[in-house]
Each structure stands twice: as C-alpha cells, then as structure tokens.
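**Q** Here's the letter readout for the chains.
2 protein chains.
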Amino acid sequence: MPDSLEQFFNKVDELSGSFINDRLASAIKIQSVSDDPDKHTELDEMTNFLVAELEKLDVAVKTYDIGDRPDKKAIKLPKVVVGRYPKISDSKKKTILVYGHYDVQPEGTGWSHCPWKLEEDNGRLFGRGTTDDKGPVLSWINALDAHQQAKVDIPLNVLFCFEGMEESGSIGFSQFMKNNKELFASVDAACISDNYWLTTRKPCLTYGLRGIDYFTITVSHRGVQLHSGMFGGTVHEPLTDLVILLSKLVDSKGKILIPGVNELVDPMTLTEKERYKKIDFQMDDFYSSIGSEAAIYDNPTDTLMHRWRYPSLTIHGISGADSSTDETTAIYPNVTAKFSIRTVPCMPGDKVAKLTIDYINSEFAKLGSKNTCEAALFGESVPYWMGTPDDTNFTAGSNATERVYGTANKPDLTREGGSIGVTLDLQDTLADKSIMLLPVGTSNDGAHGPDEKIDKRNYIDGAKLLGAYWHYFAAQA
Amino acid sequence: MPDSLEQFFNKVDELSGSFINDRLASAIKIQSVSDDPDKHTELDEMTNFLVAELEKLDVAVKTYDIGDRPDKKAIKLPKVVVGRYPKISDSKKKTILVYGHYDVQPEGTGWSHCPWKLEEDNGRLFGRGTTDDKGPVLSWINALDAHQQAKVDIPLNVLFCFEGMEESGSIGFSQFMKNNKELFASVDAACISDNYWLTTRKPCLTYGLRGIDYFTITVSHRGVQLHSGMFGGTVHEPLTDLVILLSKLVDSKGKILIPGVNELVDPMTLTEKERYKKIDFQMDDFYSSIGSEAAIYDNPTDTLMHRWRYPSLTIHGISGADSSTDETTAIYPNVTAKFSIRTVPCMPGDKVAKLTIDYINSEFAKLGSKNTCEAALFGESVPYWMGTPDDTNFTAGSNATERVYGTANKPDLTREGGSIGVTLDLQDTLADKSIMLLPVGTSNDGAHGPDEKIDKRNYIDGAKLLGAYWHYFAAQA
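For the protein sequence lines, the chains are A and B, in the order given. In terms of UniProt numbering, the first sequence has 212 at position 212, counting the first letter as 1, and numbering is strictly consecutive. In terms of UniProt numbering, the second sequence has 285 at position 285, counting the first letter as 1, and numbering is strictly consecutive.
One thing to keep in mind: the hints can contain errors.
One copy or any two copies: either way a pair holds, since identical chains are not told apart in the list.
Claimed, not checked - Simulated crosslink set (DSBU-like; lysine-lysine; CA at most 35 Å straight-line):
(1) Lys366 - Lys273
(2) Lys366 - Lys277
(3) Lys351 - Lys366
(4) Lys370 - Lys277
(5) Lys202 - Lys370
(6) Lys248 - Lys351
(7) Lys370 - Lys354
(8) Lys370 - Lys273
(9) Lys278 - Lys94
(10) Lys29 - Lys202
(11) Lys73 - Lys39
(12) Lys151 - Lys56
(13) Lys370 - Lys278
(14) Lys178 - Lys248
(15) Lys354 - Lys255
Rather than coming from a laboratory, the hints here were simulated on the basis of the structure.
Input sequences plus hints: build the corresponding full structure.
**A** If you want it as structure tokens, here you go:
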C-alpha cells in the first residue's frame, strides 16, 4: 500500500493545476443556490456537470427525481446524483458510501472577491462553494481521477451520493433515502465531508452532533394594539409576561433552568474526558471565532465540552413587538419568542419538549396573568447524533490523516455543536453501519459568509486524504 | 347671560348645516398631513384656510414662521396662526388663550369611508381630522361666527393659537412660545381642545397628563453574529442577559420593580379619592377599548387610578435580534430593548432616569456576564402635567358643560395616561396661569385610526360648549 499511495499522491500533485483551474473553477461558476427557486436552471447545470465528471471517470451514474419544489410550483427539486465505481461492484470488496452536496448558500453581501469566479490569492481559493461543499465533493472526484491516471487500483467499491438541497434543509433527501434503501444495502461504512477542522492547524474526525428542539412561546391579551400612555399600568402586557418567561429558561452563564433537562445528559466517561485533553484548541482560537472575549469558560476543555457534550439554550428573537429603533409607544397584543435547545446524549427530543412546555406553562400560571400563553415545539425534534469513534471507519480516517498530514497531526476526535440533518438520514438507512465526518476545509474558511475560501493546500491534500481513506479502510477489512 | 347664551345656542343650531357642509367639509378636503414633508402645499393651504375663516370674522390674524422642516431641506414648517378677537383687546376684559392644531395624522389603512371627503353617516361625520383636531378648531370658529350672527357679545378677549405640526411632535412650537412670550403676557387662562371624553356618554374636563421617560438597554458581546449550534453554551448571549434585565423592571401585574421609583409617587388625597367615585366609567367601557378582558384591576376606580395617577412601565420591543417568525438559529451580538416609564406627580424625570439606569447597571453587574450593557434615556424626559381643577377656569368649563349637556352631565374630572407636549409648552410660557383640556369628541372617535369620526351632536354642541365657556369664565372675573 505505501508504494501505490505514494504514486497516487504524486499524481494528485501533478494534476493539481487542473483540479483547481478546470474542475473547481468550472463548478464555482455555476450559481447553484438551492434557496432560490429561480436558480433551478443553475442547479440542473450543476447536476449535469457532476454527472459528466463522474461519467468521464467510468462511474455508473444515475440521477434521482425527488419531487417538486415546495416554494415554486411545477419546478423539480435538484436531483440526487448516485454513482457506482466500479460500474459493477466487486462483491468481494467493501463498499464505502460517500456523501456531499453540490448546492451552495446565496451570495450574500460583504465579498471582496467575486463569489462566482474562482480566484486564487496567497494560497487561498475564493468563491461560493469552495469549502461548502463543492471543494470536498470534487476532492472525491479528484481522488478517483488521480487513481486512474496513476494506474492505482481503488481497493473497494465507492458509492457516490451527492444532493442539491442541503443548504435548504435537505428537502426531499430523507424521503429519497427511505425510498431507495436497496441502493445502500451493501454499504459497509459512510463518510461525509461537509464540515471543518476545529482550528486552522490540525485535521480532525467528527463523531458527534448536537440535536435541536426549536420552540415558540406566544403570549396574547387577545385584544388590540394599545397606547402605553392610555393603557400602561391597567392591562396585563403580553411582552412583560413573555420576557419574564424567557428569563426563567437559562441564566447568563448558559445554565438551562428547566427542571429535569440537565439530568438527561449522559455523565462524562473517563475515555471521553481523555479525548478532550488531546485536542489542539486554544482560547485564542475561540476568541478569534467570536470576535470578542465574552466566553463563559476560560479554558479550552470546558469550552469544547459545552459546545459538544452539554446542552445549550439560545433565545433567537421576538416577533409581534416593535423591532425598530424608533421611539414608539405601543403595547402589542400578541408577541412570540423563539428559542432553541441543543440536545446531546441521552436527551430524547420529545422528553425535552414536554419538560420545557410543561415548565413554561407552570411558570406562566404563577404570574397570575389574564393573558394567554402557548408554548409549542416548532417543527420536529432533530435528534443528536453519535458515531463510534473507535471503529474501523474512524481508524481508517485517522490513519489516512496521519499519512497525509504527518504523525504529528494525528487528527483530533471532535464533535460539532450544530446539527447536520443528512447524518441522521444516512444513519437511519444504514442502521448500525459507521458514519464518519471527515472534513477537508479549516475553521476559518467562512462557509455561508462572504469571501468563502478553501486553502489550496487543503483542497489538494483533501484529494489525497479522501483517496488514502479508501485504502486504509480496505486494508482493515 | 342665560338669555344671550340661548340666542347664541339657537344660532349655532341654525347654522349647523353650514358649519358641517361648508366649514368642516372644506377643511377635511385639505390633506394637511404634517408627517409628510411632500404635503407642505396642503399644510400651507390649511394655514390659509384658517386665516381666511378668521379674517372673515374680524379677527386680527398674524402667521408666524417657525423655521425649516428638519426632514426636507429649504421647506418651511407650517406656520403658527395667531388671531386676536376683538382686533384691539379690551384691557378691562379677561383674555382666554385657545389652542388647537390644524395638521392631521397620515391616512393609514383600513378605512371604509373616504378619509379626505367629509361623509355623514347615521349622525357621525367621517374623515381624517374630524375629531383630531380640525373639528374642535372649527368649533371655536363656529362659536365666534354664531356669536356675531346672533349679535351676542363675546365678553372677553380671545387669543387663538393654531399650530400645524402637533401630530409630528410639535416641532418648532416650543421655540415659538419661548420667542413670543409677549404675545401671551395678558392671557388669564388657556383652553386646549385636543382630547376626548372618557366614554361615549359623558363630557369631561381634563386636569392632568402623565409624563414619559423613554429608555434603551443595549447588551453586546462586541463580537460577530454566531451560530447557536457552534457557540450556544460557550458565550454570554446578549439576548439572554437582556431578557433577564427586562424581567426585573416590572411584574405581570404592572408593579414597577425599580427601587425608589414608586416611593416618588404623591400619596392619594381624600379630595382626589372622592373625584374617582364620581366618574362615569364601567369595566365594560374598558374591555371594549382593549378588545379583551386582560385587565389587571376588576374595578373602574383602580383601573383609572393606574391609568392616571400611578406610573407604569411598558416594554415596546427589541431590535438587533430576529423579529421574523422563521426558524432561524443565530446568536445576535448586539441587542437593544426599548421601554418607557409613564411618570406622575411628583416623579422628577431625571431622578426616575437615574434610579432606572443605576438599577439596570447594578442588576447587570450581578449577572457576572462578560458582555457589555448600556442603559440610557432616549431623548429627554417629558414631565407630567397637573392642572388646578378647582380654579375658575375649570369651574367655567364645568358650568358650560352642564349648561350644554344638562345638569345630569356634570363633567367628570379626568386625567390622561399619555402626554400632550404642547400643554407643557403652554404652561412654561403661561407660568402659573390655569390650563384646562376641554374635549369636544368622544372615546370612540378613532383619532389616528381608520374611519376617524366626530359625532354630529358633539361637533355642533362643541361650538355651544366652547362659546359658553367664554361666558362662564368672563362671569367669574
């Protein structure tokens, strides 16, 4: 394996100009914004681009219609692209499922580069989608391409699965997985490359995601908007009641005050505790991410634990009151706050929802207000996800990373504080098969923001990393 | 006096058709919206209309330039119209200052009548400005007109003062008063007709207004907008701190929690307590105003006391967070809440501001948050206003009301919960001279809203009321 991997790596370096200036540059030009129904032509163009790139490399490609857009009548959702390599699977070999997405966030504002034209500047490749997620998707294709040109065999079956709605809640993807379980029947493990290193310095493998319960609380006096001069002091004001309820959810130090919720959290194990010690993360990394020093904890371990393995509660805003900065004087009749709880093992979303709603109702009852209060879950609970970081899939990812980035860069085992919905969709379909998140880009790539970039080094080494992962996984079989 | 008043009343009835279909209809057609700088021609037209109406009745009129609009370069603010009747004051007679405004609120939405064409429907006269404040302004002119046509002397000097920016904060009026103190040197008392009966049933005289201190609280982590998945639980969230601070300002039953504020309120006197007993106000009136039964007090006395003679605190809204109803997940870096405290005797605005800001700062310090908090007064304190309801001015108002509406309708002595800025400007200039608010319209006229109206009865009886008030004031001299 070492020899053939070296050949593959050399070929990646040799082809790097083309990987950047042909493959990535072509993809970045296509404005495949899934949030915008008027960009359906561009989304189709991006589907076709991927199909063509895969077919050029002898992949058996099929696209899957997943229905109409809910936001534009008679317009199809972007298709799911599924590719098999080799065209006829070798049943003696393992099968790896590779997931990525080819849609991107809207352009937004604040760019100093052109979002839709790949620009290289001081080792960084700028453009919408460079790191999220066209760069990583093309890294898989680059890995396949370099194997073929280096005449190095890929020692397993690869099942590519690329969707085009990830940035818009992966609409249709969950149903696609349910409808096509047989496609994934022979998958031994899966790898998602749609997240980032924890810092700019060190690679990582990600084995956990927090879930989310999203809530609304509406307080109403069921009447009309009132003048605060005429009615202040004589009516139960909905916004007064609402802020009192919100103040009872969480304290300034992030402690959730809803009885019973913190008790659902898994106790720390020694193994888990040890993992945190090894992670290369400094408070300066954190301060630089948030742009200030308003951190609750003054050390990396507590900070990471509270990002990854403890729940949190954030109030996102209030509708129905005046959100302008003008000097207005009304009492608003119906106000709604929205907040979310990030859930971790072993917090069942439905149990958290019940505890939260019951608590809000009981706190409201204590107010003795004649207003009405309705607390509800917004949509469905999104569960947390936990992988199995000691299994062969993660070992392969770790070995591949060390091989590409050097022994000093044994990857950190990380979790993420947010949710990646497709992980749960894949896990549902793959049942007990291992899923690993293997990021290509770094913490400062600015996914979703202006001046999104991927470092040239990460894009090129990404092809090596993902290709090497195939070899290390096959070798452990 | 009775005889000559009867002659005057009869003449008002006789002229009522013309008062409505000529005078009021002409005024309503003019879209003198002071909030809209593009309506300056209409405002000038309204100024000229009033000047002409007054001059036809032998009033010595002068208009006062009060400077340029702050919102439109090189466009003049609508002029203040000052009229003297008789043209040469009789120094042996008392002088009454009469204030009103000729600008109106913007049209707004929701009308089922045309806002700019007077329409009579079932005894109600619909149109923007019918009750606020063109109807009452014209009632003064109608009173003068009917006196002349009935050949009844007006037993005092009348100084008319009509401004055109009241609905836009009376910009320029305060300075006009300061610059022209000599105009008002001989005034013995003033009457403002720019408010409403407490109900639809019974006239009132108003002797008090609450003041207002308007505040903002800004909490910031001085960094960037953050993803609640990535950062929830690890940073001091500004909105969490803000709702905790807001929850400490006032309880669900309207009790202000800022130490020292309630202690500033004047104790109830027996005389004052007696006044409340006589007021014709039912909880059903109140429920119908607010459109619900979410009243803090279940009886009219407590309700009115808390509208008029106790302070209140209303939270108006929060800017900087997400006020949409979408399922968004950000932590916002800078959030600002705005709230106001209605002040009553003897709460000095600056003292209330200091107590409030100090309290917020000390509560914030208790949180142990690394965010920053800034509490500030928005603009300047507007003081409360208290008239002298037992003086000759109010006695004249009361006698005039009984004469027009009958002994059973001895007017209620009321206060208002809101502020009317010009009252303070007039009081500043008139020093210890009495000011009375003598409303013409009723509680359901819908000033500022769609389908603003004045009852035909109130418009016509308004001329009688205001004219009779001159006689009763003069008689007490």
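**Q** Indicate, hint by hint, whether the structure satisfies it.
**A** Okay, the hints, checked on the actual structure:
1. For the homomeric pair lysine 366 and lysine 273, the shortest alpha-carbon distance between copies (32 Å) is at most 35 Å, but the shortest distance inside one copy (41 Å) is not.
2. Taking the closest pair of Cα atoms, lysine 366 and lysine 277 come within 35 Å of each other only across two copies (32 Å); inside a single copy the shortest separation is 45 Å, beyond that limit.
3. Taking CA atoms no more than 35 Å apart as the test, lysine 351 paired with lysine 366 passes in both settings, with 23 Å inside one copy and 32 Å between copies.
4. Only between protomers do lysine 370 and lysine 277 lie at most 35 Å apart by alpha-carbon distance; the minimum there is 26 Å, versus 52 Å within a single protomer.
5. In the homo-oligomer, the alpha carbons of lysine 202 and lysine 370 lie at most 35 Å apart only across protomers (29 Å), although the nearest pairing inside one protomer, at 56 Å, exceeds that limit.
6. Taking identical chains as interchangeable, the C-alpha atoms of lysine 248 and lysine 351 lie at most 35 Å apart whether they share a chain (19 Å) or sit on different chains (30 Å).
7. Within a single copy, lysine 370 and lysine 354 get their C-alpha atoms as close as 23 Å, and across copies as close as 32 Å, so both meet the 35 Å cut-off.
8. For a Cα distance limit of 35 Å, the shortest separation of lysine 370 from lysine 273 across copies, 27 Å, qualifies, whereas the shortest one inside one copy, 49 Å, does not.
9. Within a single copy, lysine 278 and lysine 94 get their C-alpha atoms as close as 31 Å, which meets the 35 Å cut-off; across copies the closest is 91 Å, which misses it.
10. Taking the shortest alpha-carbon separations for lysine 29 and lysine 202, only the intra-copy value of 30 Å comes in at or below 35 Å, while the best inter-copy value is 73 Å.
11. When the C-alpha separation of lysine 73 and lysine 39 is checked against a cutoff of 35 Å, the pair qualifies only within one copy, where the shortest distance is 14 Å, while the shortest distance between copies is 44 Å.
12. Taking the closest pair of Cα atoms, lysine 151 and lysine 56 come within 35 Å of each other only inside a single copy of the chain (15 Å); across copies the shortest separation is 105 Å, beyond that limit.
13. Taking identical chains as interchangeable, the C-alpha atoms of lysine 370 and lysine 278 lie at most 35 Å apart only when they sit on different chains, with a minimum of 28 Å there against 55 Å within one chain.
14. Taking the shortest alpha-carbon separations for lysine 178 and lysine 248, neither the intra-copy value of 40 Å nor the inter-copy value of 50 Å comes in at or below 35 Å.
15. For the identical chains of this complex, lysine 354 and lysine 255 are neighbours both inside a copy (19 Å) and across copies (31 Å), given an alpha-carbon limit of 35 Å.
Hint 14 from the earlier list is the only one contradicted by this structure; the remaining hints agree with it.
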